[in-house]
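S.K.: Could you put the whole structure together from the sequences, leaning on the hints where they help?
Same order as they appear, the protein sequences are chains A and B.
Letter 31 of the first sequence, counting from 1, is numbered 186 in the numbering used here, and no numbers are missing.
Letter 341 of the second sequence, counting from 1, is numbered 356 in the numbering used here, and no numbers are missing.
For the record, the hints were derived by calculation from the structure and aren't laboratory data.
Quick reminder that beta carbons are idealized off the backbone N, C-alpha and C, glycines included.
Where hints are given, some of them may not hold.
Where chain A lies over chain B, by a calculated footprint (3+ residues, C-beta under 8 angstroms) [to be verified]:
no., region
1, 121-134
2, 234-247
3, 387-393
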Amino acid sequence: MKYLILIQSNPRSLAAWEKMSDDERMAFGRDHRRLSERMADEGVLVVSEGLADHSLSKWVSVRDGGTISSDGPYAEVKEHLAGFYLIDTPSLDEAIAWAARVPDARYTEVEVRPVLDMSGWEF
Amino acid sequence: MVEDLLRTSAPQVLAAVARRYGDFDAAEDAVQEALFAASRQWPADGIPDNPVAWLIRVASRRLIEIVRNERARRRREESLLQDPIACVRGDDELTLLLLCCHPALTPPAQVALTLRAVGGLSTAEIARALLIPEKTVGQRISRAKQRLRDVGAKFTLPGDLEARLPGVRQTLYLIFNEGSTASSGSALHRVELSAEAIRLTRQLRALRPEDGEVAGLLALMLLTDARRPARTREDGALVPLAEQDRALWDRDFIAEGVALITDALRRYAVGPFQVQAAIAAVHDEAPSAAETDWPQILELYRLLAALAPGPMVTLNRIVALAEVDGPAAGLRALDAAELDHYRVAAVRAHLLERAGDLGAAREEYRRAARLTLSLPERRYLEARVARLA
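M.R.: See below:
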C-alpha cells in the first residue's frame, strides 16, 4: 500500500530550526538524505521531494476558458507543506516505522496518510 | 507474438539454467539478458526452430561470462562449457515458483520476483504494472535474491512441498488483486496483472492438476475477472453487483470457472479458495440480481467463516444474511459482530437504506466515504449520499 509522509512547516518547526546549532542542522539534512537512500535501497521509495518556499507558489485557476495565475491571497498562512516521502509498504505499521525516522519527527511531528487505491469491494 | 512466446518460455529457460548451474541469482540475470536479446533479434531474424533451446544457449553463454568475471569461480568454467543443457525437466518450473514464493521473502518481494522470474516480465514492465519506480522494483528483486542466498535457499524441490503450496497460491492471488488495486493511470503499455496472475495460475494447475485449491484459485480468478468490464463507471466509481450490467460479463470466463469449481468440489477436500469460487459462481450464474440464490451464498459464507475466518468474511456473511432474513436481522448481526473494519460503515449504510431509514443511511454513507481506502468505493459512497439527499 502507498502512504504519503507529509512534513509541514509551521511556527513550531521554524522555532525548532532557529534553535539548532550548525552541527544539528547538518545532521538534520544528512539524515534526510540517508533516509531517502535507505528507502530506495529497501525497495519502498516511490518519490521524495523537499518543496521551495511557500512565497514562490503560484495560484492557478481557469475562468471562462482563461488561465489566471497569481501570487495568491494566502501569503499569511502559518502552515504549509515543506516536503514529502511517498512510500509503498505492506502495511501501515511499516509506514509508521519509516515516518519515525524522518528527522522532523524528533522536533515536531510528521503525518502519515494512506493513498487511495483502485480496489473495490463488490457486494 | 514474440513477446508471448518469450514470457511462456522464460520460466522453463530459467529453471533449466538454474538447475544446471545451481546459481539462481546469476541465472536470473543471465536469462533476463537472453530474453532481451531475443526480443531484439527475433522480430528481425525470425523465431528459431526451438526457441527454448535458443534462449537456454544464449543465457548459458551469458551466465558463463558472468561467472568468468568472478575470479573465484574461474576453475569451474571448463566443466560448465563442456556440458550444455539439453532439456527442461517438469519439476523445474514448480521448483522455480516455490523459490520465488519462499516464506523468507516479504509479500512485495515475492510478487516482484515471481513476475520477473516466472512471468518473464522486465523490471520496467513490473514497475509500470505496480505503479512504482523501476529502481524500486530492481531493489526489491536484488534484495529478494540476496535474502534467498542468506537463508541458503537452494534450487531443489523442497521436502515440505505440500506445506509450501499455500504460500504460492497466496502470492498468485496477491498478484491478481494487485491487478485491480493498482489500476489507476494509463493502461497503455501496461501488463494486466490480473491476466498475468491467471496465466501463472494456469501454469501451476498444469504442474499440480490434482490440487483442489489451485483449481479453486483459478476458478475464483476467472469468475471475478469475468465481471471486470461491468465493475466501474466511466468516472471510476464502483458499480455494486446488484447494479452491474450483466450483459457485459465475460461468458467464456464464467463457463470455464463454473466447470472448474464444479469439478473441484466433487473431487477434492474443500478449501477456502474453492468456497470463494463457489460463491462467485452463484453470483455469476444468476440471470439478474433479484434471482440470486442468497440462501446458498449464506451457507457458503458460513462454511468459509469456519475454514478461514476474517472481518471481510463476516461482513459478506452479514450482507447475505440481510438478503435472506431482511435488513433488520443484518443490522442486529452487524452490531453483535463488533467488527473493527472501515467497511462496517458501508454495510451499515446499505442495510439502513434497505430498512428505509434514509436519514441514518445518508450519515453512514458519508462516514463510510471518509473511512474508505479505495477511490472507486469513495465515489460510489458519495454518489449514494447525493442520491439520498
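S.K.: It remains to establish, for every hint, whether it holds in the given structure.
M.R.: So, going through the hints one by one against the coordinates:
Interface restraint, the region 121-134 of chain B with chain A: holds (5 residues with C-beta to C-beta distance below 8 angstroms; minimum three). A count of 3 residues in the region 234-247 of chain B with a Cβ less than 8 angstroms from any Cβ of chain A is obtained; the coverage claim is therefore met, three being the minimum. Coverage of the region 387-393 of chain B by chain A holds. Counting CB-CB distances below 8 angstroms, 7 residues qualify, and the rule asks for three or more.
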